[in-house]
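S.K.: Sequence:
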Amino acid sequence: MPDARLEMLVEPFRENAPGPHVTAVVDAAAAAGFDVDMGPFATTVTADLDALVDAAGSMLRAGFEAGATSIQFRLERDDR
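Position 59, counted from 1, in the sequence shown is what this note's numbering calls 62; the numbers after and before it change by one each time, with no gaps.
Hints are computed from structural coordinates only; laboratory data are not their basis.
Among the hints, erroneous ones may be present.
Claimed, not checked - Okay, the calculated beta carbon distance ranges per label pair:
#1 Asp53 to Glu18: 31 to 41 Å
#2 Ala20 to Gln75: 12 to 22 Å
#3 Met41 to Ser61: 15 to 25 Å
#4 Thr72 to Met41: 18 to 28 Å
#5 Asn19 to Ser73: 18 to 28 Å
Quick caveat, the model's predicted, so the values are computed rather than measured.
Even for Gly, the Cβ is constructed at its ideal location relative to N, Cα and C.
With the hints as extra help, turn the sequences into a complete structure.
M.R.: Structure, rendered in structure tokens:
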């Protein structure tokens, strides 16, 4: 059962036109086995905390290699 939520904001931001830096992060998350929800301002993944932490490096690396200037991750644990 998922116990964490990762919110990702990848810059530079282009409304309605995610660049390759955004899709690289999304693709890396999908390759890690996550269902990705792309919102208008941020992309979210809900999954096991350990799995998110383990995949974070590859998602960050993919985004920066594709031209991101900034990547913000907000990881929240759901202890319900």
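S.K.: Would you mind marking each hint as holding or not holding in the structure?
M.R.: Hints versus structure:
With their beta carbons about 34 Å apart, Asp53 and Glu18 fall inside the hinted range of 31 to 41 Å. Checked against the hint of 12 to 22 Å, the pair Ala20 and Gln75 passes, with Cβ atoms roughly 19 Å apart. Checked against the given bound of 15 to 25 Å, the beta carbons of Met41 and Ser61, roughly 18 Å apart, stay inside it. Roughly 19 Å separates the CB atoms of Thr72 and Met41, a value that falls within the hinted 18 to 28 Å.
At roughly 20 Å, the beta carbons of Asn19 and Ser73 sit within the given window of 18 to 28 Å.
Violated hints are absent here; each numbered hint is respected by the structure.
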